[in-house]
Structure formats: C-alpha cells, structure tokens
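Asks: Dock chain B against the given chain A, drawing on the hints supplied.
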Amino acid sequence: MSSFLRVATAVARKDLRTELRSREMLPALGQFVVLALLIAFFGFDVETGGLEIAPGVLWLTVTFAGLVAFGRAFAAERDQASLEPLLLTPASRSAIFAGKALAAALLLVACEAVLVPALGVFFNTPVFSLELTAALVLATIGMAGLGCLFAALAAQTRARDLLLPVLALPLWIPFVVVGGRAVQVALGGGRDLNGALALLLDFDILFVVVASLAAKFVLDD
Amino acid sequence: MAATHAGTLAPSRPDLLRIAAVADAALLLVAAGLAVFYAPADSVQGIVQKIFYLHVPAAIAAYAAFAVVLVGGFVFLWNESPTADRLARVAAEVGLLLTTVTLVMGALWARPIWGTYWVWWDPRLVSTLVLWLIYAGYLLVRRIATPGRQAGRFAAVVGIVGFIDVPIVHFSVSWWRTIHPPVETAAPEALPPELLLTFAVSLDAVLLLAAVLVGYRYRVEVLRDRLQEVLDR
Numbered sequence: 434m435s436s437f438l439r440v441a442t443a444v445a446r447k448d449l450r451t452e453l454r455s456r457e458m459l460p461a462l463g464q465f466v467v468l469a470l471l472i473a474f475f476g477f478d479v480e481t482g483g484l485e486i487a488p489g490v491l492w493l494t495v496t497f498a499g500l501v502a503f504g505r506a507f508a509a510e511r512d513q514a515s516l517e518p519l520l521l522t523p524a525s526r527s528a529i530f531a532g533k534a535l536a537a538a539l540l541l542v543a544c545e546a547v548l549v550p551a552l553g554v555f556f557n558t559p560v561f562s563l564e565l566t567a568a569l570v571l572a573t574i575g576m577a578g579l580g581c582l583f584a585a586l587a588a589q590t591r592a593r594d595l596l597l598p599v600l601a602l603p604l605w606i607p608f609v610v611v612g613g614r615a616v617q618v619a620l621g622g623g624r625d626l627n628g629a630l631a632l633l634l635d636f637d638i639l640f641v642v643v644a645s646l647a648a649k650f651v652l653d654d
Numbered sequence: 011m012a013a014t015h016a017g018t019l020a021p022s023r024p025d026l027l028r029i030a031a032v033a034d035a036a037l038l039l040v041a042a043g044l045a046v047f048y049a050p051a052d053s054v055q056g057i058v059q060k061i062f063y064l065h066v067p068a069a070i071a072a073y074a075a076f077a078v079v080l081v082g083g084f085v086f087l088w089n090e091s092p093t094a095d096r097l098a099r100v101a102a103e104v105g106l107l108l109t110t111v112t113l114v115m116g117a118l119w120a121r122p123i124w125g126t127y128w129v130w131w132d133p134r135l136v137s138t139l140v141l142w143l144i145y146a147g148y149l150l151v152r153r154i155a156t157p158g159r160q161a162g163r164f165a166a167v168v169g170i171v172g173f174i175d176v177p178i179v180h181f182s183v184s185w186w187r188t189i190h191p192p193v194e195t196a197a198p199e200a201l202p203p204e205l206l207l208t209f210a211v212s213l214d215a216v217l218l219l220a221a222v223l224v225g226y227r228y229r230v231e232v233l234r235d236r237l238q239e240v241l242d243r
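So the protein sequences, as listed, match chains A and B. Here our numbering is used: the first residue of the first sequence is 434, the next is one more, and so on. Here our numbering is used: the first residue of the second sequence is 11, the next is one more, and so on.
Check the hints yourself; a few may be wrong.
[To be verified] Listed below are several chain B residues computed to face chain A (Cβ distance under 7 Å; list not exhaustive):
1. Val54
2. Val85
3. Val140
4. Ile144
5. Phe173
6. Asp175
7. Ser182
Everything labelled a hint here was simulated from the structure, so no lab data went into it. Think of the CB as a built atom: it goes at the ideal place given N, C-alpha and C, for glycine as much as any other residue.
Just chain A, same shape as in the assembly:
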C-alpha cells in the first residue's frame, strides 16, 4: 500500500511539475471558464442578474472543463510517446492511474477556483462559499476517476477526442444530479445539503475504486 501511494504521488508530482513548467493547461482552462460564462449569459438572456441559471452554468462549465483537463492528462503522454516507458516500469498500473487522476483532479480544482469567483462576479452568486466548495471538490474527485479512466482508453484509440465526452458524460450524471442539488442548496435554494455531500462521498469511493481496478485492463498493452 505504501508503494502504491509513493508511485501515485510521484506520478502526480511529475504531471503537476510539467504543467507548472509549461503553463499550458491552467491559462487555457481559466480563459475557457470566463468564455463559458460570457456565452451562457448572452445565450440565456436573463433579466435579474442570472442567479437562477447560475447552478446550471456552473455544471456545464465544470463538466466541459473536466473533459479538457482529463483528456489532456493522457493525450499529452501519448503525444510524447511517454506512456509506454511509464507502463514498462514495475509500478502498479492502478497506482500510475491514480497518480494521473489525482493531478488532473487538482488541475480541475484549480480551474474551479477561477470559475466560482468569476460566477460570483458575473452572476451574483457568493464569491466564496464553503458548501459550494465542498460540493465541487467532492464531485471533482469521482469525476476525475471516471474521466481519467476513459481518457486513458480514448488516448489509445484513433478519434480520441470524439470518444471521451461520449463515454464520460453519461457516467458523470450521478455527480451532476446530486452535486447539482448541493450547489442549488449552497446558492440558496432547496435543502438537504448534508445528504447530498454524503452521497457524493459515497459515489467518490465507489467510482474511484471501480476506476482504479478497471485501469489495469485499460493500461495494458
């Protein structure tokens, strides 16, 4: 188990260091987020500042930013032909996968750290809310597990950009349904926040375990 954690953190640190040096993903994701808000506002034509559409806009932006972040996690390895050497090491496939998913999840959380204040500025939602942060982070963990599983799969096929959204989005629906409710509560509508957060945690555990087990078969060549 300790070797699993060591490998996972090493892979995650490698990915984060690459991002820190190249500075490609985070600026792109940050710009994407602001553009998504701009399109949403003019697409919906809301009168009262946009609070009622804010949760939907938030989820659309998070899911599509997630597709970009998770897709890049494995596409970059493939472009550099560095996935095979990584898999040739005796490290466990599940640990390598967990590390990549962890780094991608952190990137998406960083993107959400831009999204939530931007939503606050443009759509009059709270600029910081503990409930909102908890819901987003919990949903991001499970979405990263599933998203990176299918990103790893898609990266090994042709037409990979086509495959990831089609596979990941339907499987993310539970996170959107329950996370959507949690965000609505955090933004002042509905109730049962604790139930929603507890469910998100359950989904996280289930799908992170399932994805790590399945990763063995996806990262095998």
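Replies: This is chain B only, laid out in the frame that chain A set:
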C-alpha cells in the same frame, strides 16, 4: 464451391435458430392478437395502455441483453474468449435497439397520459436514457478501437462500468425527487388475469425475439471474424 459455402452457412442438422425465428414470429402475432382482442381495455387509460405490452417486455429484454454484455465483458477480461467478446458485442446492439423501442414507446404512452413526452424527475426515464447513451458509447468504442484484443478489453471496461452506473443514476434521481414535489402515481389495483396472460405471452415473444436477433448477429460476427482472419493471412 457453392456446396462448401452452403455447408458453412447452413449446417445440415436442423437449424434451431431458424425454427426459433419462425416460432417467435408466430408468438409475436399471438401476442399482438391477445393485446388487441383479448386483453381488456384500461378503464382510465383506454387503448393507450396497450403500449404496455411492448414497452415493458422491451425494457426487460434490454436489461437481459445488457446483462449478457456485462457477463461477456467479465469473461473476456478473464480469459480473452472470442466467443464471450462476440456475444457481448451483438447483445449490446440488440440491447440498444430494445432500449430505443422502450424509450419511444414510453414517450408515446406518456404524451396522452401524462400530457408530456418526457419528465425529468422520474428515475426510470432518466436512467433508461443514460443506459441508452452508455451503450451507444459502447458501440462507438467498438467502432473506434483497434479490432481484436484492444476493442474487446476497452468495450468490456465500458460495459462493466456502465452497468454499475445505471442503478446509481436511478438512485440519484429518486433521491433528488424525494426533496422535489412528488409525481402522481396511479393507485395499484388488482390486475385482471387476461392482462397478465397477454403480458406473459408478449414478454416471452420479445425475449425470444432478442435471443433470435442475438443468434443471427452472432453468426454474422463469426463469419466476419473468419473473413478477417483470411484477409490477415
């Protein structure tokens, strides 16, 4: 030459699949006849209720087909059996077809009864839609991945993880609904025996139809794999 081909395509022993297909055609006619002439019209819903005899069996048969995809996926990951992979592949197609029938029939029923084709707060509707999307993705993986071991493995992973996801979607939406105004549900009443008989015959007919379709598609896949082997040689 022609004899060899005939020998491969149509074995000399009685073709069970063809017998099953003919029997199922008859059974489907009987089911349709029972639904139209024998089963009583619903006192509230009237003739629209008869959609039920196709809608529910199609849903059940679709779940059976996706269970085959699940089991086939596990077996393929375990021992890379080409038979399991082929079965999973064709069952996914048949399951997707049956899910389409279920969704369309459900929407047609809902329009006069609920006044709308679709409601988002019903867990069955949403989970069936997600089911359709997941297995449409499954077939896309089949098409895009390199045929053979890679396609088999990737599809198996999608089939297994997708199967796990569907009850979770169902659960999420029912949880979501508990804090949402409840949907009106019809009071359960004792079902007349004519209705149950018609339903049982319809269910058998549709399940047999699914099996026959899987059987014929399986044969095609065997031939296609054989052709690929010859071409690769």
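Asks: Hint by hint, say whether it matches the structure.
Replies: Hints versus structure:
Taking 7 Å as the C-beta cut-off, the interface hint given for valine 54 of chain B is violated, the closest approach to chain A being about 31 Å. The criterion of a C-beta within 7 Å of any C-beta in chain A is not met by valine 85 of chain B, whose closest approach is roughly 13 Å, and the hint is violated. For valine 140 of chain B, the suggested interface contact is upheld, since its CB lies about 5 Å from the closest CB of chain A, less than 7 Å. At its closest, the beta carbon of isoleucine 144 of chain B sits 5 Å from a beta carbon of chain A; the interface hint therefore holds under the 7 Å criterion.
With a least beta-carbon distance of about 11 Å to chain A, the hint placing phenylalanine 173 of chain B at the interface is violated under the 7 Å criterion. Taking 7 Å as the C-beta contact cut-off toward chain A, the hint placing aspartate 175 of chain B at the interface holds, the least distance being around 5 Å. A distance limit of 7 Å between C-beta atoms decides the matter here; for serine 182 of chain B the minimum to chain A is near 4 Å, and the interface restraint holds.
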